[in-house]
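Q: In case you want the letters, here they are:
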Amino acid sequence: MIDENINILELCKKPGQFESVNRVSSEWSRSDYLGSIKCRISNSFRMKYKIKPGLYAIGEPDGNSDVFVSANYKLSFDILRKALNGLSSWILVLDTKGINVWCAAGKGTFGTEELVKRAKEIKLNGILNHRRIIVPQLGAVGVNADAVFKQTGFKVYFGPVYAKDIKTYLNAGRRKTPEMRKVKFSMLDRLVLTPREIIPALSKFFIFAVIALLFFGIQPTGILFKSAWVCGGPFLLLGLTSVIAGSFITPVILPFIPFRSFALKGWIAGILLAMLVIFSFNLPEQKNFLIFSAEIIFFPMASSYLALQFTGSATFTNMSGVKKELKIALPVYLISTVISIILLVIYKLHKLAVI
Amino acid sequence: MKYLKNSTSLNFISEKCTNCILCIDVCPHGVFQLKNKKVGVADKDLCMECGACTLNCKYGAIIVNSGVGCASAIINGMLTGGAPSCDCGGSSSAECC
Chain L
0 MIDENINILE
10 LCKKPGQFES
20 VNRVSSEWSR
30 SDYLGSIKCR
40 ISNSFRMKYK
50 IKPGLYAIGE
60 PDGNSDVFVS
70 ANYKLSFDIL
80 RKALNGLSSW
90 ILVLDTKGIN
100 VWCAAGKGTF
110 GTEELVKRAK
120 EIKLNGILNH
130 RRIIVPQLGA
140 VGVNADAVFK
150 QTGFKVYFGP
160 VYAKDIKTYL
170 NAGRRKTPEM
180 RKVKFSMLDR
190 LVLTPREIIP
200 ALSKFFIFAV
210 IALLFFGIQP
220 TGILFKSAWV
230 CGGPFLLLGL
240 TSVIAGSFIT
250 PVILPFIPFR
260 SFALKGWIAG
270 ILLAMLVIFS
280 FNLPEQKNFL
290 IFSAEIIFFP
300 MASSYLALQF
310 TGSATFTNMS
320 GVKKELKIAL
330 PVYLISTVIS
340 IILLVIYKLH
350 KLAVI
Chain Y
0 MKYLKNSTSL
10 NFISEKCTNC
20 ILCIDVCPHG
30 VFQLKNKKVG
40 VADKDLCMEC
50 GACTLNCKYG
60 AIIVNSGVGC
70 ASAIINGMLT
80 GGAPSCDCGG
90 SSSAECC
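Residue numbers (numbering that gives the first Met the number 0), protein chains in the order written: chain L, 0 to 354; chain Y, 0 to 96.
Treat the hints with care, as some may be off.
Claimed, not checked - When the alpha-carbon atoms are kept at most 20 Å apart in a straight line, the in silico SDA-like pairs for lysine to any residue are as follows:
1. Y:43 <-> L:106
2. Y:1 <-> L:184
3. L:106 <-> Y:64
4. L:154 <-> Y:58
It should be emphasised that the hints constitute simulated quantities derived from the structure, not laboratory data.
Pulled out of the complex, with its shape left as it was, chain Y reads as follows (with noise of 0.2 Å):
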């Protein structure tokens, strides 16, 4: 399953890269490939900007604007003002994920 076309905010800076892998290690949908010894982005479209890749990449090769994807969580976000947050905030009744 793939989300809409051309949404992420992911960016790959390959001279930056010293292809550890980690990135491939720690992404959950294989947006990253090694394709002759080299690591490469296999398809963007697959990204779900997790973030998990930017915070583990240790030569900052990888940029991803990170946050949840979730509808509710981004109208809490516009009408406080602030990011998306699906946080419950202590409140024992309200949607938390």
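Isolated chain L, as found in the complex (with noise of 0.2 Å):
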């Protein structure tokens, strides 16, 4: 990985005691870029996409350079030393277990006590002739910049949320515009928050086609295939037609659909889609009271709570309101559950002319 581009920097601090630290490219090479996409898709791949924690150079830096601070999950890094490019500094890395900074702030991993321990360690103020840090600012939500001055000397910058935002900003004396300060969410950075979504989902409808294929199957003379086919197959169609509305279309399409609960947008987005299935394949099975009633019930439902999944991705949601949402969410799913399993359980018995 990473070993590729590193080649050591003998620091001297003063004659005679000589420092070793790891210098890197600000160059991505093509196993950087090939890390940067199946970190998006395998989740142990992204698990164990780490460096190792410590201090970096970028080109040829000295006591004045600045030191920007960073996640040790790769692609946190990797970003960071490519917008670096042309800029002789330092990489502060600090230990977040490979989690990135925003969330490692969250958790307290990328935070105050491990800022202060690594600077400690590496006696960054022996190295250094200033007493500035930059911090990204999303890593706010794990520092304090006050505690951090307090307990070494260093008074910490916030800059910008975005890597490629930081020559400007160095640019400018260290300050930011409002535009720098935000988190963006555009269309793009929620498609490739979507095989997260879809992966999971996945999953869960592999239990559920077994299910239905054998509720549907099953006769008093065995488990027939083509009567789990004739009425599973709509079932399964339907059941993808849920993660695809509510792990793909509600995320990427987000904004566009109304209301603010991401519980309603994924059953907007659902029953949409789940129509549209049922009528352009007018299946004659389909024409049943019993079944089209469960189905018009259990897969908005479906999508929706797939949708409300996506609140963990989203940049905006707040606890409070995921909390609020899940409070009244959780029982309608589960009723609306129960509902769909009676009327499936009354066509059944109905077909096997027990009632």
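Quick one: dock chain against chain with the hints and give me the complex.
A: Written out as structure tokens, the structure reads:
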């Protein structure tokens, strides 16, 4: 991984006293690009995408160069070093257990304690002639600037949210424009997050698929593939539709769906898509009132549930709001699932001529 | 984009504020603004309860019940009886932000 572009910079603090620091390139290699894609897809890959905490050098930094603090999630570090292209500077990587700055700051691993510990450990004040340290703004969730100053003598400057703004920020004399302070959540940002919504949703879908096929397939004569498929097939299709509506369409076109509640947004996307599927595949079995009712109750609700999961990735949702949504949504989900099951059981008993 | 109306726990105590504007500097959603040299809340509904302002306000002028605004984390918290957490606790397969 990163070792490819590391070489050791011998740093002379005092005559006869050398300190080694890893120097990294600001260019991305092929494996860096590949890694940046893989960690969007695979959880296990992302959780292991780490670098060693400590001090790194970009270019030829000296005692007057700026220090930028980062997380040891390799993608965070890579984005920072790329943005520092042409700026000789230091990067101080904290041990955030491989988690990005913002999430780690929320957990406290990217925090005052860790920053103070690292700064003391590498004897930052011996390397630098100045006493300023640039922390990404989102790190402010875990870093108390005043406490860092009191414990280390370093003044924390909260830099821009996005590394790409660093040069403009420095040129403006370490001043941010209001725009540089804001977290954006563009359609592209949302789109790259959807695989992480879709993949866990699909694993739930497979469990659902097995249950649905078994349910429709069970006949007095055993499990019949044909009956499993005739009724179960549309159910599977509708299940997939819910995944698409809740985990893909809702996140991507989020601001364009009415209401602020994610559960409602997901339900709207879910019902529209479910209707589209039901009416375009106009199958005889779908005209059954029990089946139709169960579908209309269950699938938009599944989409709503999946859309609600996106509150975790959304950058503007708050805990109080999500709790409020869940308080209403969870009982609704539970009740509608039970009602759908009852409707299907009645249908099944009716089909089997029990009632 | 704004989340639910009046759902944030953000509480700004203007009497304690010294207008140092650090809250404006750390807020990722422009919740605070400087008007006539005084800091005030521009739009409460923009608050995501990240807690950066509360942590960095030396004067205790901002109180917010911060935490992860994530449905599965909150459900996890409900199930385990603890605080909402997306903590993966070292297991490699678990979801983690």
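Q: Please go over all the hints and tell whether each is borne out by the structure.
A: Here is how each hint holds up against the structure:
Distance check on the hinted pair: residue 43 (chain Y) and residue 106 (chain L) sit about 24 Å apart at the alpha-carbon level, beyond 20 Å; violated. Using a Cα cut-off of 20 Å, the hinted pair residue 1 (chain Y) and residue 184 (chain L) holds, with the two alpha carbons roughly 11 Å apart. With a CA separation close to 14 Å, the supplied pair residue 106 (chain L) and residue 64 (chain Y) stays within the 20 Å bound. Between the alpha carbons of residue 154 (chain L) and residue 58 (chain Y) the distance comes to roughly 18 Å, so the proposed pair stays at or under 20 Å and holds.
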